[in-house]
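Model the placement of chain B on the given structure of chain A, informed by the hints.
Listed in order, the protein sequences are those of chains A and B. For the first sequence, our numbering begins at 1 and goes up steadily by one. For the second sequence, our numbering begins at 1 and goes up steadily by one.
Since the hints were made in silico from the structure, they are not lab data. Be aware that one or more of the hints could be misleading.
To be verified - The calculated lysine-lysine pairs, modelled on DSS-like cross-linking and capped at a C-alpha distance of 25 Å, are:
| # | chain 1 | residue 1 | chain 2 | residue 2 |
| --- | --- | --- | --- | --- |
| 1 | A | Lys290 | A | Lys103 |
| 2 | B | Lys5 | B | Lys62 |
| 3 | A | Lys232 | A | Lys208 |
| 4 | A | Lys290 | B | Lys62 |
| 5 | B | Lys239 | B | Lys126 |
| 6 | A | Lys290 | B | Lys126 |
Here the structure is a predicted model, which is why all the values come from computation and not from measurement.
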Amino acid sequence: MQIAHFTERPVRYLAEEPVLANRAFFGVSNKFFDREKSAHDYNFYLDEACFVEEVGFDGIALNEHHGNPFCSGSVVNIEAAILARITSKAKIIIIGNMLPGVKHPLRTAEELATIDTISRGRLVAGWVRGAGSEQFFNNANPAYNREMFNEAHSFIMDCWTKDGPWRYEGKHFHYRHVNPWVKPYQEMPQQWIPGVLSAETVMWCAEKQYPYLGLGTALGPTCDLWDMYADKSAELGYQAGPENFGYLLPIFCADTDEKAQEIGKGFIFGGGQNAFSRPEHTLPPGYNSKSAIRMLGQQPGGSWLGVSKEKMMASADDSWDASAYDALKAKLIAGYEKVQDDMQIVVGSPETCAQKIKDILSVIRPGVFTCFAVQGNVSDKDRLRSVELLGKEVLPEVRKFADENELFGPFDRTPGSVKLAPGTKRAPVVDRAALAKLNLT
Amino acid sequence: MVTWKEETVNVAGTDLALIRGGTGKPLLVLHDELGYTGWMKWNEALAQDRELIIPLQPGFGKTPRLEWTWRHRDIANVYQNMIREMDLGQIDVLGFSAGGYIAAEMAASNPEQLSSLILVGPMGIKPDEGEIFDMFACTIKTCLRQTVFNKEAKEYSEIYGGDMSAEQFELFEDARAESARLGWEPYMFNPSLPELLRSAKNAKLPTLLIRGSEDAVVPQDCIRKYHDALPQADIITIKGAGHRPEIEDSAEFVAAVKHFLA
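Bound-form chain A, shown alone:
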């Protein structure tokens, strides 16, 4: 198993009210940007990543978002390039480069190859379509999102493998002189694809033999999607295994359960993940496939990142009542308990965290496990203590469990390398009996 640490690099000096008043992180005005405090945070997060490596994590995972204080990382390749130089062992896992938003795959190919070369082959690339809100921020046409994603990905693969100069005239991208001097240090960096339950993305990963990383997705639907991946793999002649799957889970660890519970409330700061963006920014027109939209329309209770047809139909002109803060915060606290019951956030002492992580691993059997650090205004000291406890006390337990249960990571066994003869029944990739034991079916 490969175990990574991930943080959104939250803006930690912001009061909660502007986020609640905006009903989302996306779109909170950058008038709240603080130069000095941001300088501290950007430097701290790099130092924290070094500490992550020091305490024994295999990888440092990072991402980017735009136009919001949920994630201060806006240009992920810059941070990854710094880490390439200041760390020495850990994989640098980018989850991921937002291909349709960046709209310049040649530049992306060069940046990533540079990171891989400086780090002497520690890059794990990852590709994302970008959240709905990112399409607005980058003025990326959502109706062409998947087309641009596919074309940019294919072009980057050619940049990394074909000798130049060559000419490219595609649908969305045009380069008449392609000859990037820098190529990846590795023959081909691994590519891990994060997602939040998009069936199209899962199928694409299975076709490419790329590990799919569920981003804190509910365990039941995660099992369904991984079965879908494995069915497709079997069709394509290989047995999917733990090396094809990763999982990212919000985790905060402290010396005691009580302390962890208190500080872990940072996960629901401003409404947490569900308040990333408002419905109208989460599903821009054409961003989702027609079948996904049809599903949304036909299932009134159905939701995608907390978005339902009802929310899409709601009028956004209701005014905000400032006196509602207390009620809203009370609602968030109630939600905090529920997400822990549902195992979508793990908060506790090292013993508590280790047990819950093992329970989750027993169900979805991933080969990559990523600890998503706490959000909200948590101090340097408390964040680092969580990293330390996870690295020194929780990770050894998790590794032992992974070894005993043959949870091979993609660096232990190459994804797609276990061949399956046509017509052969594939082996299970999840354990639904273990899911039932958790009462989470």
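Coordinates of chain B only, in the frame set by chain A:
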């Protein structure tokens, strides 16, 4: 009561769904960026002495999306070939909002094909003052509310009141997706259109520009800029109406159109 029907014709390289109703000289009607909303009072009134031909824009759910189309200009080309292949002759065109944008592109590329042009709250030209409302950054409901000033208008509640069915939801999302595909960037305008319209100016194409005085989608300056490009155009402002004067004040709207077409 005029009868209307929906039919599919194979023209311009596609199976184009059309609404046809009324008798008389054909009047080509181009619906807006949210799609055809049904046969309303204004359709009925105009269909008394004209045959209304209302193509359902490719990609909006009924007519298949045409992958080769990138811009509203390309949809204009589809309709121009539809006119030729259906032998409709020289034809009057009435376009609403983004449908007006398409109609203006038709007028720009081949004004001789049209006998007159009526643009209602037309998109297509970037205003110097104000902005064309960003319909992609809001929920459908907010978008619909933005389109009308008179939210008590009977036909508005008939179209948009009550719960939305799964089918309507999907049609709206189809329309928004296709409008985004064609008009995301530049946002619902063609920077060249004011100059391209020189051909319609030189051809002295009879033109009517209609806008609701309270239109919150297309600013007044769009009308000014259309008028700069087409100085022969008449301008009608329908007081107390928003972006949907045809349903907010259908009597005034119909009177203006009939007077112009007479």
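Hint by hint, here is what the structure shows:
{"no.": "1", "hint": "A:Lys290 <-> A:Lys103", "verdict": "holds, 23 Å"}
{"no.": "2", "hint": "B:Lys5 <-> B:Lys62", "verdict": "holds, 14 Å"}
{"no.": "3", "hint": "A:Lys232 <-> A:Lys208", "verdict": "holds, 11 Å"}
{"no.": "4", "hint": "A:Lys290 <-> B:Lys62", "verdict": "holds, 14 Å"}
{"no.": "5", "hint": "B:Lys239 <-> B:Lys126", "verdict": "holds, 23 Å"}
{"no.": "6", "hint": "A:Lys290 <-> B:Lys126", "verdict": "violated, 31 Å"}
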